[in-house]
Amino acid sequence: MRKRFGAKAFDFVPETYVLPKEMTSFSATWRKFLKRGSDVSKVLWIMKPAKGSGGEGISVFNRWKQPPNGTTVVVQRYIERPFLINQKKFDMRVYVFVASYYPLRVYVHEKLLVRFATEKYSVSNNSLEKKFVHLTSPYINEKNKKYRTKGRTESRSIPDYSVHKWPAKALWSVLLAKELNVDEIWKSICAVCVKTIASVALRGAELVDKYCASPECVNQLLGFDLILDANAKVWLLEVNTFPDMSGSNSYDYKLRSTIATDYFNISGIRVPVVSKAKGKWWGPKTFQKLTPDERKKQKLFTDPKLRILDNFSFAKSTLVNLTQDDITMLCYCVDEWRRASFGGFKRVYPLSRQDDDLKLINLLQKPKTKLGGGGFRYYDLLVRDFLTHFHYNDPSSKNAIHKMGLHTDAISFLKHRVK
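With the sequence shown counted from 1, adding 1186 to any position gets you the numbering used here.
Treat the hints with caution; some may be incorrect.
[Stated by the list, open to error] Below, simulated EDC-like cross-link-like pairs (lysine to aspartate or glutamate); rule was C-alpha separation at most 20 Å, straight line: (1) K1329 x D1430; (2) K1381 x E1266; (3) K1545 x E1365; (4) K1251 x E1266; (5) K1228 x E1242; (6) K1381 x D1541; (7) K1475 x E1370; (8) K1329 x D1479.
Derived by calculation from the structure, the hints in this document are not laboratory data. Fair warning: this is a prediction, and the values are worked out from it, not measured in the lab.
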């Protein structure tokens, strides 16, 4: 993605290598520091097992370190100047829900978990082996006698510096007190999450299309670990594909039960349709069979030569001459947005053209090859056009969906399809 869109668009990931696969590249980087005459001992790296959890097997180092034989590890440039609160390092566990890879639909939960190290931060050589200084994992820090999770911070926005887990409100209050723009920080958090998901969206959609009977039955809850540096810039440390949903204290249980409840409410899990005629599960493509007219329309808008216009023209959008397949997809999306409005998951993608100031739609463009390509995916354009022209950003405004008569048409259409 950096090669396609530039390093600046993806400058939120520290320099990272997967060893031993990328040992040659990592060695070359190390030699560059030596050639520059840099004091390599002042450059910190962090090594962690590729499939590790709970902070186990993680180490911070500033001298050449050979990874353990027979294991895959991730080596990452260490954020040496993190944002500190009460002289301690912290990170943020952010819960991200991917409702669909095609069209891409991503939500970020407003309730995040702030996790602190239990010892004062230092980058001295003597501190590098002290996990309570450099690691924020609760599984590591709970072994320290100083570790506390109970306090007034559990239920209030007033920070309690004696505890090592905070809700989002406590963090925001500290940042506001330091005259930082919390809205911009939150916007950066959401952008990091969307860009990360977008980098794997095309591949994710391919796998769903290949192996799943109904794309609407596929979703994913992810745990993003993010950190702020001394300048309040957001950095992505890692993405957990199976985030821990248990809890060691009352706040953990309350937070994660809320997230789990919102997850099940928004996911709207559907039982795959059974073919009455054959008595077998439908194949991956059955529900998505398109009529010749639907195929023709999708091909028109996904042609690589077609440029995404910036003039917001309805007449040139995918909303002209809606097909039954278009209606079905829009109904799925609107129903999902409505369910999401009752919980803490906030839609961060798709966005209307007015709101997509980062041009995130471009991240979903297919890469160009010698055979062509480079076009956009049809449903991504369809949903974006709907949000652009009907301003369906407020789930309480029912007029957009009913103006188009989508629910009525879709219900009759679905009945026809499942016969």
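Evaluation of the provided hints:
no.	hint	result
1	K1329 x D1430	holds (18 Å)
2	K1381 x E1266	violated (24 Å)
3	K1545 x E1365	violated (28 Å)
4	K1251 x E1266	holds (18 Å)
5	K1228 x E1242	violated (24 Å)
6	K1381 x D1541	holds (15 Å)
7	K1475 x E1370	violated (43 Å)
8	K1329 x D1479	violated (64 Å)
Of the numbered hints given earlier, the model fails hints 2, 3, 5, 7 and 8; all others are met.
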